[in-house]
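Model the full structure from these sequences, guided by the hints.
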Amino acid sequence: MEFMGYQRNNDSFGIRNHILIMSSVSCANGVVDALGRIFPDAITLQHAYGCGYGPDDFTVSLRILSGILNNPNVGAVLVIGLGCELLKSERLAQAAKGKPAEAISIQQGGSATATKKGIEIVKKFIKHTKMARRVPSPVSQLIIGLKCGGSDAFSGVTANPAVGVAADLFVQEGATVIMGETTEMIGTAHILKKRCMDQQLGNRVEKMIFNQEKQVHDALGKLAGLVIAPGNIDGGLSSITEKSLGCIAKSGSTPINELIAYGNRPSKKGLVVMDTPGYDIDSMAGMASAGAQMIIFTTGRGTPAGFPAVPVIKVSSNTQTYRNMTGDIDINAGSILDESKSVEAAGRDIFDFSLRVASGATTRAEINKSIPFNCLKQGPTF
Amino acid sequence: MKNNALQINGKDNVAIAINPIRPGDYIVVNNKTVGQAIQDIEPSHKVALVPVKKGENIIRYGEPIVRATCDVKQGEWVHTHNTEPIPISYN
Chain A
1 MEFMGYQRNN
11 DSFGIRNHIL
21 IMSSVSCANG
31 VVDALGRIFP
41 DAITLQHAYG
51 CGYGPDDFTV
61 SLRILSGILN
71 NPNVGAVLVI
81 GLGCELLKSE
91 RLAQAAKGKP
101 AEAISIQQGG
111 SATATKKGIE
121 IVKKFIKHTK
131 MARRVPSPVS
141 QLIIGLKCGG
151 SDAFSGVTAN
161 PAVGVAADLF
171 VQEGATVIMG
181 ETTEMIGTAH
191 ILKKRCMDQQ
201 LGNRVEKMIF
211 NQEKQVHDAL
221 GKLAGLVIAP
231 GNIDGGLSSI
241 TEKSLGCIAK
251 SGSTPINELI
261 AYGNRPSKKG
271 LVVMDTPGYD
281 IDSMAGMASA
291 GAQMIIFTTG
301 RGTPAGFPAV
311 PVIKVSSNTQ
321 TYRNMTGDID
331 INAGSILDES
341 KSVEAAGRDI
351 FDFSLRVASG
361 ATTRAEINKS
371 IPFNCLKQGP
381 TF
Chain B
383 MKNNALQING
393 KDNVAIAINP
403 IRPGDYIVVN
413 NKTVGQAIQD
423 IEPSHKVALV
433 PVKKGENIIR
443 YGEPIVRATC
453 DVKQGEWVHT
463 HNTEPIPISY
473 N
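Protein chains in written order, with the working numbering: chain A, 1 to 382; chain B, 383 to 473.
The hints are simulated quantities; they were obtained by calculation from the structure and are not laboratory data.
Quick caveat: nothing in here was measured; it's all calculated off a predicted structure.
Take every hint as true, because none was put in to throw you off.
Label pairs and their in silico Cβ distance ranges:
(1) B:Asn413 - A:Lys130: 54 to 62 Å
(2) A:Ile233 - B:Thr415: 23 to 31 Å
(3) B:Asn391 - A:Gly379: 40 to 48 Å
Glycine included, each C-beta is placed from N, C-alpha and C at the ideal position.
As structure tokens, then:
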């Protein structure tokens, strides 16, 4: 099966051809913002990291930011730095493979000069990216991230199982599907362990979930079983285990082939588990960094969140949320409840829509330019 | 009568309300009437299909999700006010 995508030099395929303007440190966000106002079609990524943190957080932010600029949806990248920071703009630009990448330091001439330089670079990038044409591209080269956020008790019976059907269809086509959110696997280790392709992998997945459980328990004590958002509780979910059982439904029914660290690229096709936080944007950052060209995101309570350079397809678990936030949601899986649509039919709709998005159809989050960014940070800020 | 609640697995002792269920309404699951609601159950919230004793597990998806902190009557709303997460030991 094929979609119409952009072939990159390294034989990967993008579903978008974005110019990405990112900061290497939060001090440079103003210039990124200014360039974003001048070039509204460019994708900007601003963040709170890049300096004042320890080696572990440095390593994670370097991996995530360089992973995102190497995402096949990015056709060219400009990195704005300050000059004195830990994570230099040059270092990030050098991480780019097979695409134009440039770096600017604001301390060489100030904000206005940096912005002026940026304008010239982006103009050059526009000429370059304009030449690219969509070509027939194999669906097997797609990496699809799966996410749920703002779940309610319907998520596990409508949106997530429907996404599970779509995930199975992608795996059948030879594509890669990433399930993250280790927090939302708590209470399901016995189920996921059995789904792993071999016992060794099963033991590693189980250990990852137990470690996360323990971490949550150490932080929250007796409340650990309630590590869910207030909105989840309003939506009828009574414990993390209940939320998790619904959450894992979106991974479908195929075996788990690999376990990867936060933000790393999968080396296997089929269903892959990534160790990510449950926090929506952190989790999506890991998937975008892994090269996911698209994320399918289910929601019970509703959320506008997309992601920079990566289309995010929003699937609501119930019709009321869909009506409340029609401008933010692409597909309503609430139709399973009120139109007695089968989960299989809803899953097929999600698969078909995903292929249209891969070929260029825009998602609500793209239209709204709702593209927040943050990534995992665990250590202190100095 | 139209189903107004969803039982996901045959082992489940709770169902998820599809529509608002009011006291006295019949709970209809899998085209069968399973008792009457004794309080308001909002959509996406759980209703007990059978009486559950204090300390017994609440089952959804065929899996224990929480345990009852008091006796729960058939037709009662089941949520954080009458359940607690099942404690896990870390040894």
